[in-house]
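Asker: Sequence:
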Amino acid sequence: MGWYSGRSSYPSESTGMQFLRKDKGGFLGSNYVSKGGLPVINIPGCPAHPDWITQILVAISTGRIGDVLLDDYHRPKTFFTDFVQTGCTNVISFAQKVDGGFGKRGGCLFYEVGCRGPMTRASCNRILWNRHSSKTRANHPCLGCTEPGFPHHDLAKGSIFKTMHYLGFLPKETPEGTSKLGYYLRAGFEKVVSGSERLVGVDQPQFSSSK
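Numbering (this note's numbering), first residue to last: 77 to 287.
Keep in mind that the hints were calculated from the coordinates and are not lab data.
Be aware that one or more of the hints could be misleading.
[What the hints assert, rightly or not] 25 Å max Cα-Cα, derived DSS-like pairs, lysine-lysine:
#1 LYS173 to LYS211
#2 LYS153 to LYS100
#3 LYS256 to LYS173
#4 LYS248 to LYS98
#5 LYS180 to LYS233
#6 LYS211 to LYS233
#7 LYS238 to LYS180
#8 LYS211 to LYS153
#9 LYS173 to LYS248
#10 LYS111 to LYS100
#11 LYS233 to LYS98
#12 LYS248 to LYS238
Predicted model, so just to flag it, every value in this text is computed and none were measured.
Full structure from sequences and hints, please.
Answerer: Now the structure itself:
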């Protein structure tokens with residue numbers, strides 16, 4: 077098992093075991109396999125969920141690792157297929173385009189506080205930490221720590237806990253699988269409609285979060 081984040085331009089000249097961010101290669105090389113015929117199995121996270129680690133160790137020890145499917149970055153698909161947003165208790169606010177913020181109950185942290193839940197693959201809201209909670213359920217933005225670009229924006233000033241915008245209001249990064257133009261048009265329309273409904277006192281529709 078290994079971690080793929082890190083860049084050779086870091087002062088430590090660190091690199092992943094088999095990936096350099098999104099590029100295959102890393103310390104062991106792109107063609108590395110173990111004596112058991114396995115590539116590096118990446119279980120990323122800051123920290124990685126203990127269930128992700130222990131379940132893969134059990135699969136290895138019982139000879140069932142061959143049944144574990146890996147994605148393009150060698151992450152086990154069972155943990156890294158759904159997005160962090162799946163199961164997030166703020167998904168209603170995301171659908172209604174309601175802004176949230178630190179210390180503020182309700183509202184989605186994607187629009188203003190840099191939450192990367194819609195573009196980060198991890199089961200944080202399906203397999204809860206301590207069977208109880210997660211970052212977003214504690215009203216803390218997802219940092220995208222399971223993606224190979226972490227830390228994102230190279231920790232540029234003003235990029236931490238803040239959504240990067242075009243023109244001051246359009247998010248530079250949009251949910252995975254959507255075109256930026258399509259998302260901007262749809263989100264803008266939904267924000268206007270939702271804001272108008274709240275202004276005149278129309279009850280908002282209720283959505284159940286994904287499980």
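Asker: Evaluate each hint against the coordinates.
Answerer: Structure-based check of each hint:
1. With a C-alpha separation of about 20 Å, the suggested pairing of LYS173 with LYS211 holds against the 25 Å cut-off.
2. Between LYS153 and LYS100, the direct Cα distance comes to roughly 18 Å. Compliance with the 25 Å bound is thereby established for this hinted pair.
3. For the proposed pair LYS256 and LYS173, the alpha carbon gap of about 16 Å is at most 25 Å, so the pair holds.
4. Using a Cα cut-off of 25 Å, the hinted pair LYS248 and LYS98 holds, with the two alpha carbons roughly 20 Å apart.
5. A C-alpha spacing of about 24 Å is found between LYS180 and LYS233, which places the hinted pair at or below 25 Å, so the restraint holds.
6. Pair hint LYS211 plus LYS233 holds up; C-alpha atoms about 22 Å apart against a cutoff of 25 Å.
7. At roughly 15 Å between alpha-carbon atoms, LYS238 and LYS180 fall within 25 Å of each other, so this suggested pair holds.
8. Proposed proximity of LYS211 and LYS153 is supported: the alpha carbons are some 21 Å apart, at most 25 Å.
9. Annotation: proposed proximity of LYS173 to LYS248 holds, straight-line Cα distance about 16 Å (limit 25 Å).
10. Pair hint LYS111 plus LYS100 holds up; C-alpha atoms about 20 Å apart against a cutoff of 25 Å.
11. For the proposed pair LYS233 and LYS98, the alpha carbon gap of about 23 Å is at most 25 Å, so the pair holds.
12. Distance check on the hinted pair: LYS248 and LYS238 sit about 11 Å apart at the alpha-carbon level, within 25 Å; holds.
Violated hints: none; the structure is consistent with every hint.
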